Amino acid sequence: MTRHLPLSHLPLALLVVLALLPLGLSDPYLLNALIQTGIFTIGAMSLNLLLGYTGQLSLGHIAFFGIGAYASALTALGFDVELLFGWRVVHEPWPPLAGFVLAVLIAGATGYLVGRLSFRVRGAYFVIVTISFAEVVRLVALNWVELTQGPLALTGIPAMRLGLPGLGEMIFRTKVQNYYLVLAVAALSYLVVARFTRSRFGRAMRGLKENEALALSVGVNATRTLTIAATASAAMAGAAGSLYAHYFRIVDPDVFLFSTTVTMVIMVVSGGKGTLIGPVVGGLIFGLLPVALRPVLAPEAQWIVYGAVLILILFLMPRGIVPKLEALAARRPRAAAAQKPVEAESRP
Amino acid sequence: MTQALQHLLNTLVLGGTYALLGIGLTLIFGIMNVVNFTHGALYTFGAYAAYLACAALGLDFFLALPVAILAGLALGALIELVLLRPLRGSDMDTTMLVMIGAGIILQSGTLWIFGGVAKAIPTPFPDAPLQIGPVSLSWLRVFVFAAALALIAVTYGLINGTRLGRAMRASFQDADTAALMGVNVGFIYTATFAIGSALAAAAGALLGPVYVVFPQMGDLAAVKAFAIVILGGLGSISGATIGGFILALAEEFGAGYVSSGYRDAMGFLIIIAVLLVKPTGLFARAERIG
Amino acid sequence: MSVSDTAPILCVDHVMVRFGGLTAIADLHFDVRPGEILSLIGPNGAGKTTAFNVITGFLKPTQGEVRFKGVPLGGLQPHSITRLGLARTFQRTSVFPDDTVLDNVLIGLHREGGGRLFDAVFNLKRERAAERAAHENARAILDLVGLSGRAQEKAGALSYGEQRLVGVALALATRPSMLLLDEPVSGMNASETQVFVDLLRTIRARGVTILLVEHDMPMVMEVSDRIVVLNYGRLIAEGPPDAIRADPAVIEAYLGKGAAAAVAQAAMQEAAHA
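Residue numbers (my numbering), protein chains in the order written: chain A, 1 to 348; chain B, 1 to 290; chain C, 1 to 274.
Chain A on its own, in the form it takes in the complex (with noise of 0.2 Å):
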């Protein structure tokens, strides 16, 4: 993937940028949209795992996210609710770091179960058996009241906290601290998705996407592989989620507005399906645009410019920017050497 110089050093430059950033930013306004940009960062890297590695669009992404969001709230909040034949369950709060844990293992289970379901079908179907089944969610979470407030939202979410051995508990309150947080979430998140995708897990995700007919034909169980991506990147999007939880400390059911789910695809769109700095770059393009938009346009006006850079991005480098800049990067030094032709081969 990184076989061109100039490229190859991009994550490792951009991780230092982002990580000296703050010493010499201290506007509240724009570290707290670089914090929202790097969570639905991590989301959009969650995204590609599937979207871009796989080639399966799933609309229903931010159901994920949102799962992360309140599994992680209920978790360091608890609750009290009475379930059919007057079953209770009382839950008594739990550190949030527990809460991240299982918002990660709670939103991974669900992808696996949504997988294995919805990898029955492909195409059309598919978008859309993920688009519904984020809107049941988003509807349980409404009207579940009892365990969620439903629109009154859960509030009073702790911050993060990390107990260390010996050097005491470290309390993520500040926006630094959560700048700092994110950051490390998204770097792992990354390192993750780079090892997975150059494991053979990774091999046989590309081969389905590039030609089924011929990945199965060498042993690739599909279902099986899809499902693994599906868990991988639900579990990663639930992880997203729960620092969203606790650092905006409130969470409502509009954390599962189709929107958000169509601003990761733009991301991942955008920078490139299928590589990994890709979603990183779109990532921070359309979080931080609305912050370049803001004195100028009117929020309405901003998911205009939203929808028509899509539409731009998508007619003219439909594979995203990164791919360009490496084609362009990789023309210029070997423009001499040109390929043999190519006899025109027609893919079914």
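For the record, the hints were derived by calculation from the structure and aren't laboratory data.
For clarity, every value in this text was computed on a predicted model and none was experimentally measured.
Cβ coordinates follow ideal geometry from the N, Cα and C atoms, glycine included.
Incorrect hints may appear among the rest.
In the DSSO-like style, the derived pairs of lysine-lysine whose C-alpha atoms are separated by at most 30 Å in a straight line are [claimed, not checked]: (1) C:K154 / A:K324; (2) A:K209 / A:K324; (3) C:K60 / A:K209; (4) C:K125 / A:K209; (5) A:K209 / C:K154; (6) A:K209 / B:K119; (7) C:K125 / B:K278.
Computed, partial: chain A to chain B, Cβ under 8 Å [as the list claims (entries may be wrong)]: (8) V136; (9) V262; (10) L316; (11) P318.
With chain A held as given, fit chains B and C onto it using these hints.
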């Protein structure tokens, strides 16, 4: 008993408008293989067009309807020419995402221009409902039902009884062969998308006065349209008609007897259930495209 | 090595395939013995590729069954059949076009090393060792098929003939005991074909049984131990190359009055598959 009868009557009336909502979407998918994510925005557009025709042009409701339908026709043709025609031959994911982008622009544009405050479309119908024995129905809904059925009938007639419809059906079966037989497939696609859009706008203009007109009204409508179309099988027009009534039935009785909070979940649950049990839809024809 | 009296490795047992009203294969029956090179020939549209698709689980037979090493393959998914040791190549798209040749073979080797997801994500020693082994294996396979020099090229950018070789390398990566090759030398020139014939013999010498579908008759006659001839979905002849060459039914199938119709039918089938 009376309650059940009332639910049944509501189902019938609601089902007619749902069918109208679904056929535009299924028509476009069947013929063009495009999942039209602007459907909800076009529905909203139709409602606002009707509102403007009444509020700004001073037309009455009966004249505002055709204005909204024509506006939907024009906007649909524009979308097809500008966005879909250059994408002919690209993969379905790309067209889906472009349609999502277009839907965002339309919806946010509406919000920007008109603001988030709901508008009402005035109608000349009396407030007193039509009483049929123990059950009652508002005159407006009776009219909406009749108009929806009329529009569905016109669509059927257009597809089954005109030269344009014949060409559409030829493209539906096989665009390449149709092109070889001298059908102008480009024009058929534009016409199809325009007609599908006009049907969505008509549904919005008809249901606008029943509910209220606001920029996000299309979101839920789009979901219902998808549920209807999946029920009937993507691409099947008669399937969408039946699907409309089934969804209405599920909503009326689901909401009436189970929980009204989950009324809007019915559509999604139907989608999930149908796709997992019989992915081609309940009434799919064997040779259906897609 | 005598192969005549061992049990067949593959048994195509009275298989029939029908698409709607069209019979693609009518009662096909033949055995493949371990270690032999058997060719399946016939005019275009005779049902050869359909037979391949049935054997490898991409199509379900309307009647009859296929057994591999005595295991009935009915109901098995293609990937499970591959895992039994039966690998195939494709006529049209034999590569993962966006990946390098080396990565192509690594995709084929994706089951090797046994690295688990956990190991991969945490980059454990075990995973690194498995990865190294996979790379070595991939290099060895590329050496065998003669593509070492192309390892870093995008597979989609290779010539048509070289793409066939990538397809063979991919199939070999699954460690098959039997290989099904669908027109492997189409797009190759005479010298490339000769190199390929040598490759086939090398592969066979390593104990891999080969079932070949091919139009290049001189190549088929040179390399095959036995030949099975299909026409209109029926078996019309079976035997060693010399006997097939002289068989009147075969000559009529290729040159006789039915040939024109068969070609037309094949063209239609091709169109339907494209």
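So, going through the hints one by one against the coordinates:
{"no.": "1", "hint": "C:K154 / A:K324", "result": "holds (17 Å)"}
{"no.": "2", "hint": "A:K209 / A:K324", "result": "holds (20 Å)"}
{"no.": "3", "hint": "C:K60 / A:K209", "result": "holds (24 Å)"}
{"no.": "4", "hint": "C:K125 / A:K209", "result": "holds (29 Å)"}
{"no.": "5", "hint": "A:K209 / C:K154", "result": "holds (16 Å)"}
{"no.": "6", "hint": "A:K209 / B:K119", "result": "violated (47 Å)"}
{"no.": "7", "hint": "C:K125 / B:K278", "result": "violated (46 Å)"}
{"no.": "8", "hint": "V136", "result": "holds (5 Å)"}
{"no.": "9", "hint": "V262", "result": "holds (6 Å)"}
{"no.": "10", "hint": "L316", "result": "violated (11 Å)"}
{"no.": "11", "hint": "P318", "result": "holds (6 Å)"}
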